[in-house]
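J.: The residues making up each chain are set out below.
There are 4 protein chains.
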Amino acid sequence: MEDHRSSKFPELTRELLADLKQVFQTGEGQPFIFPATGSGGWETALVNTRSPGDRLLAVRNGHFSHLFIDCAQRHGLVVDAIDVEWGEPAPPDRIEEALKADADKAIQGVLIVHNETATGVTSDLASIRRAIDAAGHPALLYVDGVSSVCSLDFRMDEWGVDLAITGSQKGLMLPAGLGIVCASPKALAQNESAKCSRCFFDWGDMQKANATGYFPYTPALSLLFGLQESLNLLLEEGLENVFARHHRLAEGVRAAVRAWGLELCSKRRENDSDSVTAVMVPEGVSGADVVDVAFKRYNLSLGAGLARVAGKLFRIGHLGALNELMLLGALAGAEMAMRDVGIDIALGSGVAAAQDSYSRSAQPLTAAR
Amino acid sequence: MEDHRSSKFPELTRELLADLKQVFQTGEGQPFIFPATGSGGWETALVNTRSPGDRLLAVRNGHFSHLFIDCAQRHGLVVDAIDVEWGEPAPPDRIEEALKADADKAIQGVLIVHNETATGVTSDLASIRRAIDAAGHPALLYVDGVSSVCSLDFRMDEWGVDLAITGSQKGLMLPAGLGIVCASPKALAQNESAKCSRCFFDWGDMQKANATGYFPYTPALSLLFGLQESLNLLLEEGLENVFARHHRLAEGVRAAVRAWGLELCSKRRENDSDSVTAVMVPEGVSGADVVDVAFKRYNLSLGAGLARVAGKLFRIGHLGALNELMLLGALAGAEMAMRDVGIDIALGSGVAAAQDSYSRSAQPLTAAR
Amino acid sequence: MEDHRSSKFPELTRELLADLKQVFQTGEGQPFIFPATGSGGWETALVNTRSPGDRLLAVRNGHFSHLFIDCAQRHGLVVDAIDVEWGEPAPPDRIEEALKADADKAIQGVLIVHNETATGVTSDLASIRRAIDAAGHPALLYVDGVSSVCSLDFRMDEWGVDLAITGSQKGLMLPAGLGIVCASPKALAQNESAKCSRCFFDWGDMQKANATGYFPYTPALSLLFGLQESLNLLLEEGLENVFARHHRLAEGVRAAVRAWGLELCSKRRENDSDSVTAVMVPEGVSGADVVDVAFKRYNLSLGAGLARVAGKLFRIGHLGALNELMLLGALAGAEMAMRDVGIDIALGSGVAAAQDSYSRSAQPLTAAR
Amino acid sequence: MEDHRSSKFPELTRELLADLKQVFQTGEGQPFIFPATGSGGWETALVNTRSPGDRLLAVRNGHFSHLFIDCAQRHGLVVDAIDVEWGEPAPPDRIEEALKADADKAIQGVLIVHNETATGVTSDLASIRRAIDAAGHPALLYVDGVSSVCSLDFRMDEWGVDLAITGSQKGLMLPAGLGIVCASPKALAQNESAKCSRCFFDWGDMQKANATGYFPYTPALSLLFGLQESLNLLLEEGLENVFARHHRLAEGVRAAVRAWGLELCSKRRENDSDSVTAVMVPEGVSGADVVDVAFKRYNLSLGAGLARVAGKLFRIGHLGALNELMLLGALAGAEMAMRDVGIDIALGSGVAAAQDSYSRSAQPLTAAR
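Chains as they are written, first to last, in our numbering: chain A, 1 to 369; chain B, 1 to 369; chain C, 1 to 369; chain D, 1 to 369.
For reference, chain A alone in the conformation it holds in the complex (with noise of 0.2 Å):
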């Protein structure tokens, strides 16, 4: 391993950077690597952009919206919330409304959780693209990608994306520990007239530092080594190919909760997320005791409901290192779960519906190696 001082380590630094640029799909984008998580690079996206007093437009349609929000709050920033129904994705139309009754411009930025990891809703970047366009508004796109980026396609330049924000724990399969930001040219401008506080998320030390290679002070090395295997791992496979993987993986869940007739968080097929889905149980029933006992009976992690879901829903992960049987397992797993705790569920049936999916949807065997 390469010390971080060492002669030999800006070659790792300058692949990172860009093979980063690809997968935030980026010409002129700037990635930083903060030793931090993605909670630190909605941080660092927004103190290194703005100053206190700054207006902000966003979206809240779940948790880590709600989250986001909070964030930009806590320092100063006051921000005008489009609340929508959590299950909904961001509504372009609401958003350019919003912008062109911003007459005076004032809004500076339209916060924007990709993929809604509380609810499984992905909201349609091209279309807030063109709304913002639409209403010929100048604010940035701030865009937590936390549970999109390298699981969905995630297209920095085409959508006009400001701030791309992500972590090392989900599509990049590394343990947490990695806050990742791509700015814009438009966002970098920003940082000299920024006046929010900051210095360990300081994108001016980490510029100078990462244009020789290094870091401004003690990288999670580890962490960059396995980020330069989860990139080449992503890069090889390519791109396109990643995404309908997690697709592929994501219908054979949403096969098995129909067949189950239980309803999904998200309101709209068209968003339904391929990286996480949310079941909603049904009433008299708490989500909460399908995630217990999947945990303690059957060693299955699912994902709580959280905040105005608590208890309404649970939540399947699929992104990641994961195959088609690891889930068929978990399905099973969750549907022994929700009989034990009283959901009228035939054992087997969501797992037939996704082995269904999964077997037509199978490479052909004819062109299996």
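Among these hints, one or two may not hold up.
All copies of an identical chain are treated as equivalent in the list; a pair is satisfied when it fits inside any one copy or across any two copies.
Straight-line Cα separation of at most 30 Å, DSBU-like style, residue types lysine-lysine; simulated pairs [unchecked claim]: (1) Lys312 with Lys208; (2) Lys267 with Lys100; (3) Lys186 with Lys100.
Hints in this document: simulated from the structure, not taken from any laboratory.
Go by the hints and put chains B, C and D onto chain A.
T.: Leaving out everything else, chains B, C and D in the frame of chain A:
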């Protein structure tokens, strides 16, 4: 890591040998650890106790018992084989009969594969011991416990096993690379007069070196450290719990097979193996195709039918570090592969039966931590 | 591995926090673990206890104390710096004087780097505490213990440290990626009124989540498991033994430097650091060249002089998982590199002095196991 | 990880066998990989090519050649041993003489240990081949290359080696657990008529299985993956560079021994081993004490004198993944231990000589990356 010549190394050696005696359930047996595999275990058991021309009685009820016999023959031993249908356990009555017929006690040993990995059949060692005793015959009892020791109950002392043989890669949950044999005092006593040629597998060198805490040549050090960890895990869980866990998982698999309407290779319920299940495929279908499709389309490793049962079955292993969700995923994969090759299987049917089994046998929720 | 949302996770959290209190030598302190680094530790200590405009007194005696001050200033704090020559420890008399001069107690905190990694100087925290007390001043004591905690004696309670800051990658022998801070009750009490903006590094969220055994956002799970292991190793060895081991290794390095006829950057013997030694290179030679040659020709990672002492010295780290043979190899490498760049060094001279030191201080042979 | 029965496994097998041919420097040789050790390599080489009663000529110049002979004898082979003083290489003239005296070509093979690990002596295989050829003798050449293959130049084809034997834990830098043998076509041709009994170590089964890409019984899978990685590393570095690296490290160790005023066990400079150095201790001192003190006081693992040279020497291994700093540390440790047991050694003296050697032979600074 201690070096294998360090003055602290003997502590490890002594701990391993003591713990191995516990898992073989023996007070007097002497364990030997060779840098080899279970097949090497057969060889060391035979060549250290026998001379060319010695006669042995063996049951051939599957591919591994066939190979065990072959190993004996290649070392110049004369084997009287009791052939039974593959799927049958070793027959105590025929063993007793053969030994009774051996009036001049020419037979020096009886060879049994405790758990036939090729057919999923566990022979009843207690009844075999009774058969030998009933015949009043002094032959040593040689037992292949490769897929039973640490997975199924194995009582070396109680059942009068003289040579117990296993490897590292099954119940001990390690990579392959250790051939382990445990010798009763009666077996050890034959070492000096045994004339089969041997050097690598010689017990004399091993005993002399082990007595001082070392090995006669470089041991497979990394596996010895792994063995220490495995034995700690098993003894901490408690052997009875380990066996119960395997039984529980196997019950689910068998429930799935019944739900599929397929037959086990194992002919007698009381001898169904708790570590591996061999499933007969219908006439006109190849079990090899099931295995192939499972691997290529669904990343599932099933075992193929071997030798006499090639093509007629596929096998599902269920020993070692495994839980019910992984097995349910495997059953789901097997269902898809079976359907792909034309077996009339309702997707989810076997999974549902296994879920029902696991759900009933899971830790009561109230007792869950 | 437990999931960070599993119902068994709180056991880990509680064990980590309890063990951290032991290594900080505190009964009342509250540890916080952030997925960051020691630099993040500075930030969390400052922003959770201070408001913009607050005044601090700080000693600047090396590059890391300079950066600590810089961090405070970037968050809007006003720092009165006591500049001393690099190589000097923090001067208790000047601290006492400055605090006595602060009649209206405007100074809110005193910033000290316990062990200046850049110069190899350990300041005497006990005497600094006495100085603060002698001045009858209520300022909080902020201590950077990044290269001291778990390597050098660090008595949080006895020395009245209010904010103790460290990272994972030094005495805790882990990869970088954790910023750890321990707050005295007095420090905690300031949290509510502190106006510095914060979100990622906020203690309030952390305390609330930690109280239930969880974290407010995804923790760096793999490092938490590593931390558990490190803390176990350190507490099992015993902190006194850990400190003695570092002292013994450092004594050998200092003997080598004396034998080379070179000066330490550290000006006072009683403040020589037991975790890092900075060696002044003669006039006309660049310390950076020593570092460069050591790395390129001999695979040896030395530390370079930073900022004001750039080129004037090189540094040998000697903390964490290291033994005398590795250090002797490093000293030998440093000798070769020094000679390569023209320093008049007799090869083996420093090594011999270190050997003599280690040989005298090694465990008596009779006591060796 | 591929399963050892998976349909992708044959790719690995084929790559390993092809790469092994490269490191043995053979075009026609057939490599075999057994889950065993180098001692198992001896056995498989002998039992697959010989019949009980066959005569062999062997040189005994150290403990490992003694054990190689012992292995042959235990399998019923008759060995004419050429005993030379330990420290001497195999004498080509005496081999030639013995073969010439064997008028009826009764001698079937010549056994040589290429690099005697016990004495640090490398025999000259080219001259031994010339001796055999000069005698016009058809005997096969059996070579133990355990501590030479992948560390010292080993030209199987050019030197007419018929059986080349090695293990995984030396030049291949893996844990012990693989016994590897490479057979010339002439050696392979003897397989069928060879009557030594064998099963585990049989080539016939191995060839048949390897031809399809599989193994006749469970291989040591984890080590096979390690082997793939090791071979890649070695071939990427280039064998010539690997050998040069070992020579460079060995030169430094020998310079140290000269500086200590001690003798090597190796009697002839041109046969000093580049993978291990055996150092004679002065009369009245026990080499075993040096080894013991080095381990207990300084955590240094030296090799002890074996059998005939027990107590008379200690050994320093210098093959595999090792660099000059580690060796300098080891030399420093050896100096301390020697002085502790009463050998008159100036601390640092050997280290200085080795430093001088390494400094001269290091990559020119201008060429360093």
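J.: Given a CA cutoff of 30 Å, do Lys312 and Lys208 count as a within-copy pair, a between-copy pair, both, or neither?
T.: between (48 Å within a copy, 23 Å between copies)
J.: Pop the pair Lys186 and Lys100 into one bin, within, between, both or neither, using alpha-carbon distances up to 30 Å.
T.: within (21 Å within a copy, 50 Å between copies)
J.: Within, between, both or neither: how does the pair Lys267, Lys100 come out at a Cα-Cα threshold of 30 Å?
T.: within (27 Å within a copy, 66 Å between copies)
Taken one by one, the earlier hints all hold for this structure without exception.
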